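As given, the protein sequences belong to chains Z and E, one line each in that order. Taken in order, the first sequence gives residues 1 to 369; the numbers are from UniProt numbering. Taken in order, the second sequence gives residues 1 to 369; the numbers are from UniProt numbering.
No lab work stands behind these hints: they were computed from the structure. Any given hint could be a false lead.
Identical chains share a label here; the pair holds if one copy fits it or two copies do between them.
The list that follows gives simulated cross-link-like pairs (lysine to any residue, SDA-like), each with its CA atoms no further than 20 angstroms apart [as the list claims (entries may be wrong)]:
id : residue 1 : residue 2
1  : Lys62     : Asp292
2  : Lys170    : Ser335
3  : Lys170    : Asp60
4  : Lys318    : Leu99
Note that the structure is a prediction, hence the values are computed from the model and not measured.
Number of protein chains: 2
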Amino acid sequence: METELSRNLGIEHAIFGFTPFPAVAAAISRAGGLGVLGAVRYTAPDDLARDLDWMTDHVDGKPYGLDVVMPARKVEGVTEADVEAMIPEGHRRFVQETLARHGVPELAEGEASGWRITGWMEEVARGQLDVAFDHPIALLANALGSPPADVIARAHAQGVLVAALAGSAKHARRHAEAGIDIIVAQGYEAGGHTGEIASMVLVPEVVDAVGPLPVLAAGGIGSGGQVAAGLALGAQGVWLGSLWLTTEEADLHSRALTRKLLAAGSGDTVRSRALTGKPARQLRTEWTDAWDDQAGPGTLPMPLQGLLVADAVSRIQKYEIGSLLGTPVGQIVGSMDTERSVQAVFDDLTRGFERAVDRVNRIAGRSAP
Amino acid sequence: METELSRNLGIEHAIFGFTPFPAVAAAISRAGGLGVLGAVRYTAPDDLARDLDWMTDHVDGKPYGLDVVMPARKVEGVTEADVEAMIPEGHRRFVQETLARHGVPELAEGEASGWRITGWMEEVARGQLDVAFDHPIALLANALGSPPADVIARAHAQGVLVAALAGSAKHARRHAEAGIDIIVAQGYEAGGHTGEIASMVLVPEVVDAVGPLPVLAAGGIGSGGQVAAGLALGAQGVWLGSLWLTTEEADLHSRALTRKLLAAGSGDTVRSRALTGKPARQLRTEWTDAWDDQAGPGTLPMPLQGLLVADAVSRIQKYEIGSLLGTPVGQIVGSMDTERSVQAVFDDLTRGFERAVDRVNRIAGRSAP
Numbered sequence: 001m002e003t004e005l006s007r008n009l010g011i012e013h014a015i016f017g018f019t020p021f022p023a024v025a026a027a028i029s030r031a032g033g034l035g036v037l038g039a040v041r042y043t044a045p046d047d048l049a050r051d052l053d054w055m056t057d058h059v060d061g062k063p064y065g066l067d068v069v070m071p072a073r074k075v076e077g078v079t080e081a082d083v084e085a086m087i088p089e090g091h092r093r094f095v096q097e098t099l100a101r102h103g104v105p106e107l108a109e110g111e112a113s114g115w116r117i118t119g120w121m122e123e124v125a126r127g128q129l130d131v132a133f134d135h136p137i138a139l140l141a142n143a144l145g146s147p148p149a150d151v152i153a154r155a156h157a158q159g160v161l162v163a164a165l166a167g168s169a170k171h172a173r174r175h176a177e178a179g180i181d182i183i184v185a186q187g188y189e190a191g192g193h194t195g196e197i198a199s200m201v202l203v204p205e206v207v208d209a210v211g212p213l214p215v216l217a218a219g220g221i222g223s224g225g226q227v228a229a230g231l232a233l234g235a236q237g238v239w240l241g242s243l244w245l246t247t248e249e250a251d252l253h254s255r256a257l258t259r260k261l262l263a264a265g266s267g268d269t270v271r272s273r274a275l276t277g278k279p280a281r282q283l284r285t286e287w288t289d290a291w292d293d294q295a296g297p298g299t300l301p302m303p304l305q306g307l308l309v310a311d312a313v314s315r316i317q318k319y320e321i322g323s324l325l326g327t328p329v330g331q332i333v334g335s336m337d338t339e340r341s342v343q344a345v346f347d348d349l350t351r352g353f354e355r356a357v358d359r360v361n362r363i364a365g366r367s368a369p
Numbered sequence: 001m002e003t004e005l006s007r008n009l010g011i012e013h014a015i016f017g018f019t020p021f022p023a024v025a026a027a028i029s030r031a032g033g034l035g036v037l038g039a040v041r042y043t044a045p046d047d048l049a050r051d052l053d054w055m056t057d058h059v060d061g062k063p064y065g066l067d068v069v070m071p072a073r074k075v076e077g078v079t080e081a082d083v084e085a086m087i088p089e090g091h092r093r094f095v096q097e098t099l100a101r102h103g104v105p106e107l108a109e110g111e112a113s114g115w116r117i118t119g120w121m122e123e124v125a126r127g128q129l130d131v132a133f134d135h136p137i138a139l140l141a142n143a144l145g146s147p148p149a150d151v152i153a154r155a156h157a158q159g160v161l162v163a164a165l166a167g168s169a170k171h172a173r174r175h176a177e178a179g180i181d182i183i184v185a186q187g188y189e190a191g192g193h194t195g196e197i198a199s200m201v202l203v204p205e206v207v208d209a210v211g212p213l214p215v216l217a218a219g220g221i222g223s224g225g226q227v228a229a230g231l232a233l234g235a236q237g238v239w240l241g242s243l244w245l246t247t248e249e250a251d252l253h254s255r256a257l258t259r260k261l262l263a264a265g266s267g268d269t270v271r272s273r274a275l276t277g278k279p280a281r282q283l284r285t286e287w288t289d290a291w292d293d294q295a296g297p298g299t300l301p302m303p304l305q306g307l308l309v310a311d312a313v314s315r316i317q318k319y320e321i322g323s324l325l326g327t328p329v330g331q332i333v334g335s336m337d338t339e340r341s342v343q344a345v346f347d348d349l350t351r352g353f354e355r356a357v358d359r360v361n362r363i364a365g366r367s368a369p
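Chain Z with its partners taken away, still in its complex shape (with noise of 0.2 angstroms):
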């Protein structure tokens, strides 16, 4: 499965894999597509050195990427205490109430939230980025709006490829005049932040509005008839996220979790801001109905919704509430219902290709070559 992006990137597929866990995205280079480590969960810088080390020394020499949220626009001098300052007390009282309704303990005194995402803040997402330069990455995606200028340019000037994430045709083009080199049209079926319009509709719509820069098609993709679908549609290549999420490498610390998603069908998500503040698809639970009620206060913009339920989180996580318990995940869900390996999915992904183009051929006529 080869496109000149996947030439360009010295891959053998052109499978992109986003996951937070450095065991998984080493599997996904090893087995000859992209790992793409996602950072937003590193807090110290150390600890992201240390997981880069690792699968440094686990992808056989195979290239790797790392994803980040990098506001493209710098807010001077906010530090999180300041945001947290703007949390509304009501909004903590709803919280404390929701998680009391629902018996979830309190964490161990001094216990830290494993959610408490701050990536997303300059100096943390800075911090990252100086230690991603000094590991041999060969990708660097940003999922939230282009990357500032000075962090492109240190890419290109390292050989890095620079990613960014798109729900719509304009947001496309604003990256492409950024100077991004891929643009991953993100559909709504997605896991996690997404926009309101399809795979089927957004990847043709922004490879005709980026073209020739090469595209991704994410969102809806768990197996190899989706992996054709969404190269059909023009992109060079897929970029699947849900999907690694219940394979053995990875580790959701919870086993109640990992069993929801197994169990979970096609239309168990909802787009909710319950989590960050903008729009993002997840397991829908009784904590984003909650949310979601018209009888609750609503959520709060990005970064306070973020940093107003992290505990929460944490807490639920911790304690496995099966009502509350939930993750970003995509549509692809309902089709995730066996553990297997990272090699086991991804020969899944590349033999399901080569049926699906067996099967366009004998449907255009075509006799198998």
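Let chain Z serve as the given structure and place chain E on it in line with the hints.
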């Protein structure tokens, strides 16, 4: 573009075109697809008979189909007047106030509403079926669940295949159990009634659920690349509706509406209950905004909402009130930017399909045969 299903139906290309316009349906069949005429707006069986006679004379002997909106469950003895009486006065007032605020003139005394959709009523749909079975239809599609068992039996006795739309694997399974021959898997991005699951995820899920029953991919398809994507997902054909609205043969009775469709982007639609009481994708307008506004009275369930707004929609269309003027249409509307003949659109689909097959073959490392 040939599948087992297209061979069974004796059509050259596995492209199914749904349209309320006989001239469009006939042109689709002549071009080598299967034109499917939407019957829901016909009130008098004679009008339908006249248009089916015309189609029979204008398809060059090629097959065509009919789409009805027939509830599987019969509600005994309920008349249109009974349903009218269930509409709350406050909702009627909201309609008149909204129209008045936008300066929409009244219809002339005794002028009939072209939007008075009664095809969903048992007696009207039965009358349509009597007419349909007197014509050489090859396919009977139902847009509202499975048709009643006796209708399926009657179709099969006449060698007519029966299709039904499904927005989830569960609905598709129910159709299969009812004896439906073809499932139209209609994704979130489609125009008209849709569920929440996008085509990329829905199509393979439905194929898995009902195979070997043939599945058509619907929603988000307007180019040859999207046709190839739908077929790569396991469909035995594609079902397109929106794309024909801006063909030269279509007769929207409003140049303003045609111009609006040509100008609209993929983000200019909304899934709203404003038109029928069930979520249906359509152009977003100040009319849909008024119904979706929490400050308003909200929509009524089907069929009340359709009856409530019928005259209003007619008035908006007749007087071409730009801010309120809408129509059911899918996200693909963003790519509909020129008026062309049905044949030109069809050629674009088949040639684009060939190019997309070339493309995936190159990516798969297979030389062109």
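Structure-based check of each hint:
1. Proximity of lysine 62 to aspartate 292 under the C-alpha cut-off of 20 angstroms is found in neither arrangement, the shortest distances being 43 angstroms within a copy and 51 angstroms between copies.
2. For the identical chains of this complex, lysine 170 and serine 335 are inter-copy neighbours only, at 14 angstroms across copies versus 31 angstroms inside a copy, given an alpha-carbon limit of 20 angstroms.
3. For the identical chains of this complex, lysine 170 and aspartate 60 are neighbours neither inside a copy (39 angstroms) nor across copies (44 angstroms), given an alpha-carbon limit of 20 angstroms.
4. Taking the shortest alpha-carbon separations for lysine 318 and leucine 99, only the intra-copy value of 13 angstroms comes in at or below 20 angstroms, while the best inter-copy value is 54 angstroms.
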